[in-house]
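> Letter by letter, the chains look like this.
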Amino acid sequence: MAREFMKGNEAIAEAAVRAGVAAYFGYPITPQTELLEYMSHRMPELGRAFVQAESELATINMVYGAACTGQRVMSSSSSPGVSLMMEGVSYIAGTEIPVVLVDVMRGGPGLGNIAPAQGDYNQIVHGGGHGDYHNIVLAPSNVQEAVDFTVLAFDLAEKYRSVTVVLLDGMLGQMMEPCELPPMKPMKTEFEDWAVNGAKGRERRFLTSINLDPAAQEVTNFRLLNRWQQVEANEIRYKKYFMEDARFAVVAYGSSGRISLSAVRAARAEGIPVGLIRPITVSPFPTAAIREASKDLQGMLVVEMSSGQMLEDVLAATRHNVPTEFFGRIGGMVPYPDEVLEEIRGLVKGPLTTEGHPRERWLKRMAERI
Amino acid sequence: MTTMQTENETLVYARPESLTNVSTHYCPGCTHGIAHRLIAEVIDEMGIRERMIGVASVGCSVFAYNYFNFDFVQAPHGRAPAMATGVKRVLPDKMVITYQGDGDMASIGMAEIVHAATRGENITVFFINNTNYGMTGGQMAPTTLPGQKTTSSIHGRDVETQGYPIRAAELLSQLDGSSYVVRRSLNDPKNVRLAKKAIRVALEVQARGLGFSMIEFLSICPTNWGMTPEASKKWLEEKMIPYYPLGDYKVHPAVAQIKI
Amino acid sequence: MQNEILIAGFGGQGVLFAGQLLAYAAMDEGKQVTWIPSYGPEMRGGTANCTVIISDEEIGSPLVSHPQAVIAMNRPSLDKYEPLVKPDGVLVVNTSMVDRKTTRTDIKVVEVDANAMAEKLGDKRMSNMVLLGALLGQLGVLPMKAIEHALQVHLPERHHSLLPKNYEALHEGAMMQALSI
Numbered sequence: 272m273a274r275e276f277m278k279g280n281e282a283i284a285e286a287a288v289r290a291g292v293a294a295y296f297g298y299p300i301t302p303q304t305e306l307l308e309y310m311s312h313r314m315p316e317l318g319r320a321f322v323q324a325e326s327e328l329a330t331i332n333m334v335y336g337a338a339c340t341g342q343r344v345m346s347s348s349s350s351p352g353v354s355l356m357m358e359g360v361s362y363i364a365g366t367e368i369p370v371v372l373v374d375v376m377r378g379g380p381g382l383g384n385i386a387p388a389q390g391d392y393n394q395i396v397h398g399g400g401h402g403d404y405h406n407i408v409l410a411p412s413n414v415q416e417a418v419d420f421t422v423l424a425f426d427l428a429e430k431y432r433s434v435t436v437v438l439l440d441g442m443l444g445q446m447m448e449p450c451e452l453p454p455m456k457p458m459k460t461e462f463e464d465w466a467v468n469g470a471k472g473r474e475r476r477f478l479t480s481i482n483l484d485p486a487a488q489e490v491t492n493f494r495l496l497n498r499w500q501q502v503e504a505n506e507i508r509y510k511k512y513f514m515e516d517a518r519f520a521v522v523a524y525g526s527s528g529r530i531s532l533s534a535v536r537a538a539r540a541e542g543i544p545v546g547l548i549r550p551i552t553v554s555p556f557p558t559a560a561i562r563e564a565s566k567d568l569q570g571m572l573v574v575e576m577s578s579g580q581m582l583e584d585v586l587a588a589t590r591h592n593v594p595t596e597f598f599g600r601i602g603g604m605v606p607y608p609d610e611v612l613e614e615i616r617g618l619v620k621g622p623l624t625t626e627g628h629p630r631e632r633w634l635k636r637m638a639e640r641i
Numbered sequence: 669m670t671t672m673q674t675e676n677e678t679l680v681y682a683r684p685e686s687l688t689n690v691s692t693h694y695c696p697g698c699t700h701g702i703a704h705r706l707i708a709e710v711i712d713e714m715g716i717r718e719r720m721i722g723v724a725s726v727g728c729s730v731f732a733y734n735y736f737n738f739d740f741v742q743a744p745h746g747r748a749p750a751m752a753t754g755v756k757r758v759l760p761d762k763m764v765i766t767y768q769g770d771g772d773m774a775s776i777g778m779a780e781i782v783h784a785a786t787r788g789e790n791i792t793v794f795f796i797n798n799t800n801y802g803m804t805g806g807q808m809a810p811t812t813l814p815g816q817k818t819t820s821s822i823h824g825r826d827v828e829t830q831g832y833p834i835r836a837a838e839l840l841s842q843l844d845g846s847s848y849v850v851r852r853s854l855n856d857p858k859n860v861r862l863a864k865k866a867i868r869v870a871l872e873v874q875a876r877g878l879g880f881s882m883i884e885f886l887s888i889c890p891t892n893w894g895m896t897p898e899a900s901k902k903w904l905e906e907k908m909i910p911y912y913p914l915g916d917y918k919v920h921p922a923v924a925q926i927k928i
Numbered sequence: 006m007q008n009e010i011l012i013a014g015f016g017g018q019g020v021l022f023a024g025q026l027l028a029y030a031a032m033d034e035g036k037q038v039t040w041i042p043s044y045g046p047e048m049r050g051g052t053a054n055c056t057v058i059i060s061d062e063e064i065g066s067p068l069v070s071h072p073q074a075v076i077a078m079n080r081p082s083l084d085k086y087e088p089l090v091k092p093d094g095v096l097v098v099n100t101s102m103v104d105r106k107t108t109r110t111d112i113k114v115v116e117v118d119a120n121a122m123a124e125k126l127g128d129k130r131m132s133n134m135v136l137l138g139a140l141l142g143q144l145g146v147l148p149m150k151a152i153e154h155a156l157q158v159h160l161p162e163r164h165h166s167l168l169p170k171n172y173e174a175l176h177e178g179a180m181m182q183a184l185s186i
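Protein chains in written order, with my numbering: chain C, 272 to 641; chain X, 669 to 928; chain L, 6 to 186.
Heads up, some of the hints might be wrong.
Stated by the list, open to error - Calculated pairs, BS3-like style, for lysine-lysine (alpha carbon to alpha carbon, straight line, at most 27 Å):
#1 C:471 <-> X:858
#2 L:125 <-> L:91
#3 X:817 <-> X:927
#4 C:510 <-> C:566
#5 C:471 <-> X:864
#6 C:620 <-> C:635
Hint data in this document are derived by calculation from the structure and do not stem from the laboratory.
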């Protein structure tokens, strides 16, 4: 199959089109706007629905409405816009309908800037909206994965009646790489038995997230949780590099993951036995895989473009039993491989400890640098 | 026990098929029931029940989907027009309605209703104006009249600090995207008949793909107003109608052609 | 083997397109390649840059602190990136837009009066092609044929009459010699 040379944002858009997305709703925000722009001509050209909404608030509710019909539906945004969508995400989770969202993260908090960051991790992975629910979250680290995981996101969303988020940052959204696009999937013609699409010759249906009776809400929440256990059992994905003989490991996802790969290769060239674990599903998190791998390790380094949000999940996975250090650049700053290499050297040099918190030691190191 | 003799009698009144066979949770005297019934009757008359998709809002009518006997979704507060947009865009052949109160549509959902109207979304909005937030117990709404007492304007709405009421029909009629925007009242039989006629027109507008339609219904809320239903109707006539004049605010020329 | 090339200049000098051309050619040669721009307000008339990485294996970071090669199309770009070029790397300078000499002695420096050369060929806008040619002359990263092919495929149709001139610009650039140090 011929390779296309595409910008992350546009590759995701085309991948969604080929996965059979019937409707896209969005609102312009850098650094994801190319996705909206691409859809604005591509969707009408195929006779599919596209609306540039008045806000992300309206966007997510257009998504909500369209998804209630059983069609494949998506939106995309970047951090501040995603915050505005959180109300709707909670409703969608509570209504148990499939939706695909793309968050192209940028520097924050607040209006922040438009540079790449990974500061939405907690929002997307650990909540964001109110109430008890989980999103499936896929974190690509190159354009090919962005394509593949967008297609996968639709399948997982439908399989688990869940919000599935493709979580990336401005770097991957804006960069171009070769990728292979999947063939065009036929549009969905069979719809699930919950789909609201007109009660023709059948009992009426309704979709809602309201449950005034706490006992009934509890039943719903248990159902969501049971389904989540299925997701945890079946869908955890991650990628390992140079881990066979590794005594040390870097854990990093998305852009941080690929930047760390460069650093790990450079460290290997210096003879340091270090590998890389790159979570692909950051939710569900590869907890067991990291715990298992950590048993053979003398030390770990978590690298993020946030102040250590995934770090807490790694520490929970190793139950703080493995000496761990943290390195992050924040606010839209992107780490260079050199910086990560320096951190790997520092980790190996020691002292290796499970005392204290890696974030505190990182803050001390950063205080000397900035 | 007596057996009812129906032979040789004509059935003149029955529950519309578009209403479910349950009692509503609405307060005695509330006009939500009238609005529900009128909408259901028109849907039956048009034979479109199986094509209907309703969007319920947040407020007293949050459970509207329990009463209408067709497919329904339930929107977050204020977002019904956005949700309806989503439904309609993927199912353009279905009939999509929202049913919203004044807090929902004219306050928290003002952006969504204005933009749905300005896009000319081919949906129908039923807007219940009873000058207060009913479900939460009678707080000031964007439609509360100047001087009107509510639980969050206990000395009467002071326009100096709390602003003026919003006339939703007039406002939406100003948008080029809207095709049919009218205000009706549910206070007496004549107005109820006119309201039903407007519902028919609004749904015909959508069925013919003519764009955005909205009916504002002046409604009473005896419980939160602290009045009997009779006194409430009188208050509606004397206070609401002068502030919210009944009439057709936007009738697109193509809509004016509709004969029913 | 990994090649890292950073191209920097003013918005409008064809910085991003020169990088994309390189990237397309690399892809067509079966290489792994990344292209990443600086993005945002600075694209609008300010400085622009892009980094292209070409490799035989999965590319890690698309950004590097010390690129192997830099094309500096103006003075601010030279000031910013000259110190960052990897030792033994290549620095191509557009002397038409730069009013100082380079200072590094541990890298190959190619001085190109690119605007004048492009103008002589018929269009000042081809200065980016002259500079790209100069880079390729020093850094054997891709055959010139691959760039020409990419140009043919990706230059907008309406500019196709300019193709032969663009090839010429590339070739003239490639003939430029590095300064002897």
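> Looking at the structure, which of the earlier hints fail to hold?
1, 2, 3
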